[in-house]
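Here the protein sequences line up with chains A and B, keeping their order. One point on numbering: in the numbering used here, the residue at position 78 of the first sequence is 78, and numbering is uninterrupted. One point on numbering: in the numbering used here, the residue at position 100 of the second sequence is 100, and numbering is uninterrupted.
Calculated directly from the structure, the hints in this document are not laboratory data. These numbers were taken from a predicted model, which means no experiment stands behind them. Hints are not guaranteed to be accurate.
The list makes no distinction among identical chains, and a pair is therefore deemed to hold if it is satisfied within one copy or across any two copies.
To be verified - Below, a list of computed lysine to aspartate or glutamate pairs in the EDC-like style, where the Cα atoms sit at most 20 Å apart:
id: 1; residue 1: 39; residue 2: 208
id: 2; residue 1: 39; residue 2: 182
id: 3; residue 1: 5; residue 2: 180
id: 4; residue 1: 5; residue 2: 76
id: 5; residue 1: 5; residue 2: 160
id: 6; residue 1: 39; residue 2: 76
id: 7; residue 1: 39; residue 2: 191
id: 8; residue 1: 39; residue 2: 135
id: 9; residue 1: 5; residue 2: 100
id: 10; residue 1: 5; residue 2: 105
id: 11; residue 1: 5; residue 2: 208
id: 12; residue 1: 69; residue 2: 100
id: 13; residue 1: 5; residue 2: 73
id: 14; residue 1: 69; residue 2: 138
id: 15; residue 1: 69; residue 2: 191
Residues per chain are reported as follows:
Protein chains: 2
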Amino acid sequence: MRKQKVSSAVIRRLPRYYRHLNELHLSGTVRISSSALGKSMGLTASQIRQDLSCFGEFGQQGYGYNVEKLRGEISDILGMNSGHTAVVLGAGNLGRALIENFHFELSGFHLAAAFDVAPGIVGTVMSGVPIYHIDTLEGYLAGHPTSVGVLTVPRRVAAETAARLVAGGVRGLWNFTNIELDLRGSDVVVENVHFADSLLALSYMISE
Amino acid sequence: MRKQKVSSAVIRRLPRYYRHLNELHLSGTVRISSSALGKSMGLTASQIRQDLSCFGEFGQQGYGYNVEKLRGEISDILGMNSGHTAVVLGAGNLGRALIENFHFELSGFHLAAAFDVAPGIVGTVMSGVPIYHIDTLEGYLAGHPTSVGVLTVPRRVAAETAARLVAGGVRGLWNFTNIELDLRGSDVVVENVHFADSLLALSYMISE
């Protein structure tokens with residue numbers, strides 16, 4: 001069903017489509033027109049039709065979209081029903097915030113384990129997630145094929161930890177370290193979370 | 001110098017321009033052509049010229065851009081030299097991660113204080129930032145005009161805390177709570193950090 005190369009702008013909008021459709025579904029909305037969906041997302045109706053046309057035929061002339069069906073189709077496109085797994089590297093403040101408060105399962109991920117070096121943390125269980133010593137990472141990955149490594153380690157060990165995850169066969173890195181990872185020669189995808197970019201956009205908007 | 005309405009796509013790219021120019025400057029690069037800058041950012045030269053033309057005339061035909069000068073101009077446009085201040089609401093895992101590890105000053109912000117309710121935290125100083133009781137927020141804001149409130153409180157108190165910040169005169173909210181804040185009737189800008197959108201984009205990319 002998926003067609004050719006999809007632009008990164010469309011990829012960035014897909015999670016927002018999912019989020020809005022999920023909210024509509026939870027609020028009991030059964031169907032919605034592309035113009036109404038667009039209005040709630042700050043997009044035009046034609047933009048929405050064009051975005052979705054990258055993936056096939058959705059909606060019906062004169063009816064609009066069935067909210068639950070489109071939500072399901074977008075969750076499939078996003079890979080939310082693919083049984084993805086994740087491990088967190090570094091159970092410090094940020095790692096702990098993600099383990100305890102971020103709902104990986106709502107994005108289709110099972111958070112299976114976390115790794116750290118601190119004696120007080122290794123061997124404990126945090127919100128149901130076992131914390132192992134980083135020295136056991138290779139053995140763990142060999143026995144538990146893992147989709148994504150969540151990098152919340154200190155900057156000085158970011159590159160080394162990323163390399164170990166790549167060698168262990170993960171397909172993606174969710175990188176919170178603010179280090180640009182150089183993974184040339186691998187097929188591993190890196191998604192960077194740049195807090196500073198977000199704060200600077202806010203800085204711009206309050207300075208206008 | 002700033003012209004009319006700038007699209008949100010351009011606003012989103014500005015921090016990336018700043019980040020790339022800063023790295024170029026730190027690595028000793030004095031000047032760069034729009035095509036070389038574009039290549040390092042995955043944009044075309046004409047896209048870059050078009051983006052920057054929203055804000056005035058930069059660069060010189062045949063010379064390109066002076067890296068340090070353009071970096072300085074973009075930092076001005078982003079409001080990085082406006083003396084912005086911030087306070088963190090909620091010094092739990094995520095709040096603490098931001099207080100201890102995020103360099104607000106590199107984005108032009110002074111992180112002046114944080115607020116929480118936990119007896120073990122209130123009254124302490126975390127990485128130089130004093131932690132006050134949330135009950136003192138109104139008094140603090142009255143005496144210390146604050147640009148941005150960083151919302152890392154639990155979801156159930158997110159809306160109430162946002163309303164108190166707005167009443168206290170902040171100009172922007174950096175919202176990590178994953179709650180859609182309804183600030184109709186105020187001029188306060190909300191910048192949402194949606195971790196799930198980022199993870200879902202990664203999910204898509206590893207599912208291709």
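Verification of the hints:
1. In this homomeric assembly, residue 39 and residue 208 never come within 20 Å of each other (Cα to Cα): the closest approach is 24 Å inside a single copy and 29 Å across copies.
2. Within a single copy, residue 39 and residue 182 get their C-alpha atoms only as close as 39 Å, which misses the 20 Å cut-off; across copies the closest is 16 Å, which meets it.
3. Neither within a single protomer nor between protomers do residue 5 and residue 180 lie at most 20 Å apart by alpha-carbon distance, with minima of 24 Å and 32 Å respectively.
4. In this assembly of identical chains, the alpha carbons of residue 5 and residue 76 lie at most 20 Å apart only when taken from the same copy (17 Å versus 37 Å across copies).
5. For a Cα distance limit of 20 Å, the shortest separation of residue 5 from residue 160 qualifies neither inside one copy, at 32 Å, nor across copies, at 44 Å.
6. Taking the shortest Cα distances, residue 39 and residue 76 never come within 20 Å of each other, neither inside one copy (24 Å) nor across copies (33 Å).
7. In this assembly of identical chains, residue 39 and residue 191 lie within 20 Å of each other by CA distance solely across copies; the values are 19 Å between and 28 Å within a copy.
8. In this homomeric assembly, residue 39 and residue 135 never come within 20 Å of each other (Cα to Cα): the closest approach is 51 Å inside a single copy and 38 Å across copies.
9. Taking the shortest Cα distances, residue 5 and residue 100 never come within 20 Å of each other, neither inside one copy (36 Å) nor across copies (40 Å).
10. In the homo-oligomer, the alpha carbons of residue 5 and residue 105 never lie at most 20 Å apart, since the shortest distance is 28 Å inside one protomer and 39 Å across protomers.
11. In this assembly of identical chains, residue 5 and residue 208 lie within 20 Å of each other by CA distance solely across copies; the values are 10 Å between and 36 Å within a copy.
12. Taking CA atoms no more than 20 Å apart as the test, residue 69 paired with residue 100 passes in neither setting, with 31 Å inside one copy and 44 Å between copies.
13. Proximity of residue 5 and residue 73 under a CA criterion of 20 Å is satisfied intra-copy only: 18 Å inside one chain copy versus 35 Å between copies.
14. Taking the shortest Cα distances, residue 69 and residue 138 never come within 20 Å of each other, neither inside one copy (40 Å) nor across copies (47 Å).
15. For a Cα distance limit of 20 Å, the shortest separation of residue 69 from residue 191 qualifies neither inside one copy, at 28 Å, nor across copies, at 30 Å.
Hints 1, 3, 5, 6, 8, 9, 10, 12, 14 and 15, counting from the list given before, are not met by this structure.
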